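Protein chains in written order, with our numbering: chain V, 1 to 403; chain Z, 404 to 933.
Hints are computed from structural coordinates only; laboratory data are not their basis.
None of the values given here were measured: they were computed from a predicted structure.
Where is the CB? At the ideal position from N, CA and C, for every residue including glycine.
There's no promise every hint is true.
[Stated by the list, open to error] Reference listing, derived: stretches of chain V covered by chain Z, where coverage requires no fewer than 3 residues with Cβ under 8 Å from a Cβ of chain Z: (1) 25-35; (2) 38-48; (3) 146-157; (4) 212-220.
Listed below, chain by chain, are the residues.
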Amino acid sequence: MPRPSPFHPRTAPLCEALRWKDWAGYAAVCSYTTYMEREYFAFRHAAGLIDVTPLCKYEVRGARAGEYLAWLMVRDVTRLKPNQVAYTCWCDEHGKIVDDGTVWRLDDDWYRVTAAEPSLAWLSRFAADFDVTVTDVGDRIAALSLQGPRSRAILQQVGDADLDALRFFYLARTRIGAAEVIVTRTGYTGDLGYEVWVDNEDALAVWDALYDAGRPHGLAPAGLDAMDVARIEAGFIMNGVDYYSAPHCLIESRKNTPYELDLGWLVHLDRPDFLGQAALRREAETGPAEKLVCLEYDWDDYERLFARHGLPPEVCPYAWRDPRPVFDVFGNQVGYATSGAWSPTMKRNLALALVRPEMADRGSRLKIEVMVEYVRRKCLATVVEKPVFRDPRTRSLPQHESV
Amino acid sequence: MSQYDAIIIGGGHNGLTCAAYLARAGRKVLVLERRHVLGGAAVSEEVFPGFTFSVCSYVVSLLRPHIIRELDLARHGLQIIPLESSFVPYPDGRSLNRSADPQETRREIAGFSARDAERLDEFRVALTRMSHFVKNVIDNPAAAPGSLRPAELWQQLRLGKALKELGPDLQHLHMQLLTMSAVDFLDMWFESDQLKAPMAVSGIIGTYLGVRSPGTAYVLLHHYMGEIDGAFRSWGFARGGTGQVSNAIAGAARRYGAEIRTEAPVAEVLVRDGQAAGVVLASGEEILARNVVSNLDPHQTFLKMVDPRHFDGDFLGQIRRYKLRGSSGKVNLALDRLPEFACRPGDGPHMRGDIAIAPSIDYLEKAYDEAKYGQYSSRPYLNVVIPSLVDPSVAPPGKHVMSIFVQYAPYQHADGPAAWPEHREAFGDTVIDTLGEYMPTLKDDILHRQVLTPWDLEQQFGLTEGNIFHGELSLEQLAFLRPAAGWARYRTPLRRLWLCGSGAHPGGGIMGAPGELCAKTMLKGSQGRG
Ligand SMILES: Cc1cc2nc3c(=O)[nH]c(=O)nc-3n(C[C@H](O)[C@H](O)[C@H](O)COP(=O)(O)OP(=O)(O)OC[C@H]3O[C@@H](n4cnc5c(N)ncnc54)[C@H](O)[C@@H]3O)c2cc1C
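Here chain V stands alone, though its shape is the one from the complex (with noise of 0.2 Å):
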């Protein structure tokens, strides 16, 4: 049975709807109205708040943490300035990934790691050896993430940090209220937007204070399922979803890599040994074998495809993520479809695919799967630039605003 995060007694009796469901064993709430429209646009529009408790989080300690977490991550963090937060992946020792999340340089010897699955024992397998002790926080630390373009302005109400000057991807430690806390410059829906980590026992005064401040703002409770919506529109993969933890997979075919799930990005190759270094270096010369896209649904042959059976064009109200095949415009498989939503603000129909890579190009014509009237058809969609939704305002400082 899932367990009640700390914020519990607050999202509850909001949560008219009764929708909820199991992350990572605690209860979450998926959308506290019957539709989620309303928490999705307010991440678009004013702020969402929303319960990311069940996140894994993990402390390091050790003069040698950042050395340590630069050999099990792809990226290097030892890059990282005092606090400064990175996203990042990490795999096996064939280059399959295992995970994605952030690491935060608290202090020299201090990192935070935050992840999706329970990573306690990846992150200690090798701890040992570098002097390095990895404790799993995950229970005792409450976590929000605020965010839309109101959420700055909500948080300056209710903080002493210096938030104009907090650059994306940064964090301060600063008090809202008596509470001590944490705030990142982070989230998961590709808008300006922190998330705030307090200790369990501060966690509703900090829910209180941002959810009292946030109203004359028009902030809205946010469930998952709105948030769904937004890290699609942001291009943003998620483990269990649109791939799978290289340790929990039966067989190699379900393994992926960095570069195939389009995080090439994250990989610093030229440095010391790091986990599966050897095998990014070989992948990154002859190519992944496949391609992580945003692809659009051709609207035209949607429409098209629904106006046979006498039928208005209809999509889903919510992400999907039961996976989908993808074939070239003559009809062979290339790939398959993880997830995918109706972007209500880019007024377009969404999916993440996996392809070959010589379709991956953006302007590729491919073609998807539709279900309509029980029939399986075939809908042209196009390969486009990830990520749909994009704003200056996610990642600017105040003065370079224009609202």
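Assemble chain Z with the ligand onto chain V, guided by the hints.
For chain Z with the ligand alone, coordinates are given in the frame of chain V:
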């Protein structure tokens, strides 16, 4: 030598759409807008510091989804936030909220009629099928009956086929829609006045007709389309106000290379050798172009911009008879805090959609009665939205903007149209009093107010007689009859003068379709650089 392939008079959203499509096809285009801001009736202005009003139009429903995609408007800043619900308070303290949640809506309606609650789905199915058909009409140039040109026959056949595919039941329904009043049409499904009244108002918006006037059923469908176009989700607020629709289109047009000038009022269309050859600005500046496209309404275009000698009497007669009887006004408020409904306090979903003061059919008919004799309704129909609840960018935190669309306010005031300024504030008070009966604190919450009478709409926005749609959306002025029989295809009797605004098919509303279809017609007609 003319430097431009086309000059577009007017930077309303249709003129901009036309410009964007022409520029996208490589044409050299110049848009000339009279005001300092773009958008015409789809405009956002910070009327009071910190408060951005959607001064005229306030919800986006009919904007064609393919235009959003083809011009990539989202990348140019267009974001539409859906309206959550439709709310009506009644004088007896009851209220009705219809939302996207079908079960909740059913429960709400069942409070008035259990039968109506169940019939709503059948009604939706019928109207969805109908609007699927009407969509064909809207997304294509008007058919020209009687023409034997192959392309037009093809059009006719397609529509004929679409109509046939509707099946006999819906063919009847279509005929009924074309001829019935909104109330008669709704009577076929529903029994409760409380439900029918707010539904019927879609049939009269922007017309000088009552909910019991024949022909209003069709207008109801026209509006309903945006609402049930569910999958496209194009019914909502534009972030930053409706002006953002125009700004996004302007952004696209500029990206394709169109030139846009504001504060450049056009005084007249230059005619040389019997064809449009450019424009003269009010400043006296002359600019030549191969084509002149007017975004203005048919009266402005044919009776003001061009010397009447260039048109024959029959055409002029039709244009003079073309009905532009403005019947609505607008009140925009800057609010210190969110007012509440006495019957349903709080800031629940009912506040985040559109709110109608349309408590009964008789109320609406009475409102119309007064208008017939040149008075504004003493208790008008109001359509209220509070966009700041879902789009905090339009008001300071905790403060709000409220947009109130008001009908009836006849342009032909009993004391003459020019008397409207004297009645403006009293008209504004009537509106506030009407809403205040349901929202007791409203008056105290108002920081600033802007009152627009039909006279103001004409003076400030160039809308003849204050008609919000460049001419009524009544049946005799739609499709192949808009704006005049034989001239519904964006061409005009003056060669190289085109019409691209809401006075052309398929009509008014933030739709973009006249602008798009005009551009596409021009491009088709001109092989190379015509
Ligand atoms: C009060 C009000 C409320 C409305 N509410 C809604 C709504 O909620 N939803 C909806 O879909 N529709 C609504 N409408 C209707 C909709 O706004 C219009 O149908 C639509 O915006 C018209 O667009 P257009 O481009 O065809 O014309 P316009 O917007 O009228 O554009 C014409 C342009 O030409 C310019 N112009 C005029 N004269 C000259 C000149 N001599 N030289 C140069 N430029 C000139 C004008 O300034 C203007 O910019 C509303 C309209 C009004 C007035």
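Results of checking the hints against the structure:
1. Counting residues of the segment 25-35 of chain V whose CB lies closer than 8 Å to any CB of chain Z gives 3, which reaches the minimum of 3, so the coverage claim holds.
2. With 5 residues bearing a CB less than 8 Å from a CB of chain Z, the segment 38-48 of chain V meets the requirement of three and the coverage assertion stands.
3. Interface restraint, the segment 146-157 of chain V with chain Z: holds (3 residues with C-beta to C-beta distance below 8 Å; minimum three).
4. Evaluation of the coverage hint for the segment 212-220 of chain V: fulfilled, as 3 residues show C-beta separations to chain Z shorter than 8 Å, against a requirement of three.
The structure meets every hint from the earlier list without exception.
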